[in-house]
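These protein sequence lines are chains A and B, in that order.
42 is the number of the first residue of the first sequence in my numbering; add one for each residue after it.
8 is the number of the first residue of the second sequence in my numbering; add one for each residue after it.
A couple of the hints might just be wrong.
[Unchecked claim] Here are the simulated DSS-like cross-link-like pairs (lysine-lysine), alpha carbons at most 30 Å apart as the crow flies:
#: 1; chain 1: A; residue 1: K204; chain 2: A; residue 2: K57
#: 2; chain 1: B; residue 1: K168; chain 2: A; residue 2: K85
#: 3; chain 1: A; residue 1: K212; chain 2: A; residue 2: K57
#: 4; chain 1: B; residue 1: K168; chain 2: B; residue 2: K76
#: 5; chain 1: A; residue 1: K89; chain 2: B; residue 2: K169
#: 6; chain 1: A; residue 1: K93; chain 2: B; residue 2: K76
#: 7; chain 1: B; residue 1: K169; chain 2: A; residue 2: K204
#: 8; chain 1: B; residue 1: K12; chain 2: A; residue 2: K322
#: 9; chain 1: B; residue 1: K76; chain 2: A; residue 2: K89
#: 10; chain 1: A; residue 1: K419; chain 2: B; residue 2: K60
#: 11; chain 1: A; residue 1: K93; chain 2: A; residue 2: K134
#: 12; chain 1: A; residue 1: K204; chain 2: B; residue 2: K76
#: 13; chain 1: A; residue 1: K200; chain 2: B; residue 2: K57
#: 14; chain 1: B; residue 1: K155; chain 2: B; residue 2: K15
#: 15; chain 1: A; residue 1: K99; chain 2: A; residue 2: K212
#: 16; chain 1: A; residue 1: K204; chain 2: B; residue 2: K127
#: 17; chain 1: A; residue 1: K57; chain 2: B; residue 2: K168
#: 18; chain 1: A; residue 1: K384; chain 2: A; residue 2: K142
#: 19; chain 1: B; residue 1: K169; chain 2: A; residue 2: K93
#: 20; chain 1: A; residue 1: K85; chain 2: B; residue 2: K169
Source of the hints: derived by calculation from the structure; they are not laboratory data.
Just so it is clear, the structure is predicted and the values come from calculations on it, not from any experiment.
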Amino acid sequence: MGMNVTEKILSRASGKATVSPEDVIFVNVDKAMIHDVSGPGVIKVFEKLEQKGINTDKLWDPSKVWVAEDHFVPSADMISAQNIVLLSNFTKKYGIEKHFKYGMGQYGICHTLSHEEALVLPGEVYVGGDSHTNTTGALGAFAAGLGHTDIAYVLLNGKIWFKVPETLYFKLNGKLPEHVMAKDFILKIIGDIGVDGASYKTMQFGGSGISEMVMEERLTLTNMTTEAGAKSGIIEPDQETRDYLASRGATNYNEVKGDSDAAYSKIYEYEAEQLEPTVAKPYSPQNISPARDLSNVELDKAYIGSCTGAKLEDLRAVAKILKGQKVKIRTEILPAAISIYKKAMKEGLAEIFLDAGVTIGPPTCGACCGAHMGVLAKDEVCISTTNRNFPGRMGHVESKTYLASPLVVAASAIRGKITDPRDLK
Amino acid sequence: MEPFKPVKSIPTPLDKVNVDTDQIVPKQFLKLVQKTGFGKHLFFDWRYDKNEKPRSDFILNNPQYRGSKILLTRENFGCGSSREHAAWALLDYGFRVIISSSFADIFYNNCFKNGILPIKLERKDVDEFFQTDSEIEVNLEEQTIKTKSHTIHFDIENHRKKSLLNGYDDISLALQHEKKILEHERNSKYSSL
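If we strip away everything but chain B, and leave its shape as in the complex, we get (with noise of 0.2 Å):
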């Protein structure tokens, strides 16, 4: 994975609620199995009309998001089915954060094995973000989101943190592990070793 860097961009609004995996990747994608490439699959049925075109009206075909790598959007994203493809398809479509006021717990999990950042924000935030149309500036290492005119600090349990950072993913990180974690197996008397 990708060490993740600082990340500057105007913030995509997604205006909507419970947005679940099967909008974020429909079925018919499911079958493929490579990890790129998912990017022109992301919300297939809200992004093109019936005819494949892109629909003027979704947001992700406003030239004034072209290029946002962040997703701004509302609460319990990605609930639904435990598909990873998800997390592949915001990815690949350029997607390094998402902010929201609550994310469902396996696509939030599946997010950091992936490289990108799922921010939970207070509604309140939430809310002032959706009012603004600015750039803003997402920086892990401080725990921050910049806007032009106040910083606002995000929450992040410490061990997801350094491997977002470090661009480990869980398995590179417990095979660095792996000599402490066979030591306290050896010494803990429900070893399974």
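Here chain A stands alone, though its shape is the one from the complex (with noise of 0.2 Å):
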């Protein structure tokens, strides 16, 4: 029996021959990530273990650190202030080069710069001190979060324990259908198999429908697969993959393919002319509708930003519905990077924003997780491009948001109610 893409990195990564699902192993990390939540509370256990007399002067490997600013800036507050300053004297006692500072040049979401800016290759191993590190696995490499502990022991040692996940296999067949996004496949997936459908187990993607699918779209399922409880996503590279890499000059690595004898633990096929415009309804990314049987819902707010719904492709699609019109209501635009916001700009997709009432915002996690820039009152309903609904997520415990694709969002910033973008006349 073969091994899938998953079991072939990180067999690599652990000096085995083979890796089974549920082996323990010990692997060698390639890179990782701590942004301005996870770096302070990683800061805090070096404390800890200086206190214990544990020696952390230094890095396993700076080289291979990178880190984000994007939870709370541009500052949101003195504490926000306070923990950027932790940062940069953390990256400036460490040597680590790849420190992405607001206010800067190139900043943003850490999940958006890891692929933006390459930071992350095919068949590495990488590590995040965020859930939504999934997110990177589109590019064929193995990617998970880990809490505060985990990484400060990674950034010591630059190992990690894992235990091997079994792998679910999405198949998708044919091209998705115009007014049908990657979002919507994967909101039907997560209602399919529930918020705990893939807990501890990979969620790999495949089949002519991702073939078809540019990075961009491909970087929203992976990313959402932390909404199922995944350990990790992933797809296999291919020319897409190679060409996105490319065009930010990467081209060095060693692509990691399953053999074709692989298992799977189970396969699910999917046929994309059958797919639609869907929503997650409060409170649960699982609770999911097509996007025309919630057409009463009345809106308060539009908010197209976050590592899942604020990327290049999104914009574009946005700003196809958003063309010529006038929005509604309230509606935010957060590109989830600098370079995303530059080419938005370059592409003349900025203006149409502007001219249909958006207001466009710094890159940030802003209101995805209820820290800033646009986060809910008592009762308000929104709906966002983003990846969490849970009650309180964004803003007020009491308020409620709806995740839908880009062309949904936008759709409904036209109406002021929850439109399928057909649907738009």
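Please assemble the complex out of the two chains, which come individually in their own frames, going by the hints.
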């Protein structure tokens, strides 16, 4: 029996000829990331270790570590500002050169930078101090989120324990129809398998529908594997992966693909032509419904942001709908990185947004995690391109968030009600 | 970390599925980085009303469960954000054991790093605990939960059990075995040394 792509990556990284699901292995990590929430947490762990007499003078390899400022920047208040100072002192002390600082050129949401800047490459083992680290698996890497203590351990030792996850394979047959996006597909999957449907498993995506998909759409799929409880999400590298990385200057890496007789614990098949614009209702990403069935839901806000829904492709989709239109409700667009912001300017998207009445904000996790930049008041109803709609996630505990694709969110912004983009006239 | 000793307590029954870390510690407290003092933020939006007064209808505010060291809850506990603050808050509040039929992966790992024992049981056993309202005793050494009438066995990976019983976090454990790891590395053809 052969190995699938995840097992192959993990076997290489653990120095074993073969690995199987349930094996506990000690793997060498290729890349690690912390941000302005996990970073200060890691710094605290370091302080505790120092008190115990453990030497924390050096990281395993500062060139393999990078730091993002994304959750509470531009500094939302005094404590956030202080945390940014903490991070800056940390990267200076340990000689971490890849520190993406807001207000100093390229910066943005950690997961967006991982692919925008080609910081992670196919075949690598990448861990980050954030649950949506899974996102980067779309590049053909093993990418998983860890807690602060685990990340502290990786930063010092360059290694971590993993139990090899079993893999669920999601096969998409055919190209997605015109008004359907990767977001609709992943919401449909989460609705089908539930928010713990992939607990401690890898979700792998493949099939002709995935081959047809551009990288930024693929990233939406792996990003939201987290919402199904997955350890990681992955897509085998192909020409699209190579082209995407080459355009970002990365050509030197060791691609890994699964064996033709690889085993999967379960295979799910979806027909692209049967998928439709889909929305997750409050308060769970698995609480899905066709967008059309919710056309009576009145909205107060539309939010286009986050690692899930503010990549360049997402902004292009929004612009397609908003061009020449006016929004009826408050609408915010927060591009996920400065590089995306710049491209949106260059392509004329920013002008379309501003003409439609939208406010464009700086790259930040912002209201996705309820931090700042448009959080919700009590009873406010929002439609959002983000990834979670738990109670209080985007603001007041009695606010409501509907999760949807950029197309659905843009169409809804025009109508002020949840709108299937196919129904816009 | 404190070595894990047997825990005897009435379990606090939190009868909810898919409790996410946004509910365990809401976002406004994530900026705080001290590991202690998070107990007061635990389940903040459920525990307090808009004037920050305790809500009498929330289980943690029921005097019967004051001082409880065991949290009893439903499947997929700890899903969502990877914030380790969730484990810090539960520990600081006083919980040393969480019983559920399943846990979210990152949260499950974070528990062990902070001296909390998450116990996975069959759903029927969890249901049974929800029906009873008396003291139980969790013994990690024996891997048992004792009630008045019977004893339930639970599974746990050996290295996790050992770490908790000795009060090791992974980092101290690795340091303890540093020599062995280095030796293994030197002999391995995939050595990174």
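Checked hints:
1. K204/A x K57/A: 14 Å, holds
2. K168/B x K85/A: Holds, because 25 Å separates the two Cα atoms, which is no more than 30 Å.
3. K212/A x K57/A: 29 Å, holds
4. K168/B x K76/B: 18 Å, holds
5. K89/A x K169/B: Satisfied, since the Cα-Cα distance of roughly 21 Å is no more than 30 Å.
6. K93/A x K76/B: Roughly 27 Å separates the two Cα atoms, so the pair holds.
7. K169/B x K204/A: Answer holds: K169/B to K204/A is near 17 Å, not above 30 Å.
8. K12/B x K322/A: The given pair, whose Cα atoms are some 43 Å apart, is violated under the 30 Å limit.
9. K76/B x K89/A: 25 Å, holds
10. K419/A x K60/B: Roughly 18 Å separates the two Cα atoms, so the pair holds.
11. K93/A x K134/A: 20 Å, holds
12. K204/A x K76/B: 29 Å, holds
13. K200/A x K57/B: 45 Å, violated
14. K155/B x K15/B: 12 Å, holds
15. K99/A x K212/A: Violated, because 44 Å separates the two Cα atoms, which is more than 30 Å.
16. K204/A x K127/B: Distance of about 17 Å is within 30 Å: holds.
17. K57/A x K168/B: 26 Å, holds
18. K384/A x K142/A: 19 Å, holds
19. K169/B x K93/A: 20 Å, holds
20. K85/A x K169/B: Cα-Cα ~24 Å, so holds.
Checked against the numbered hints given earlier, the structure breaks hints 8, 13, 15 and satisfies all the rest.
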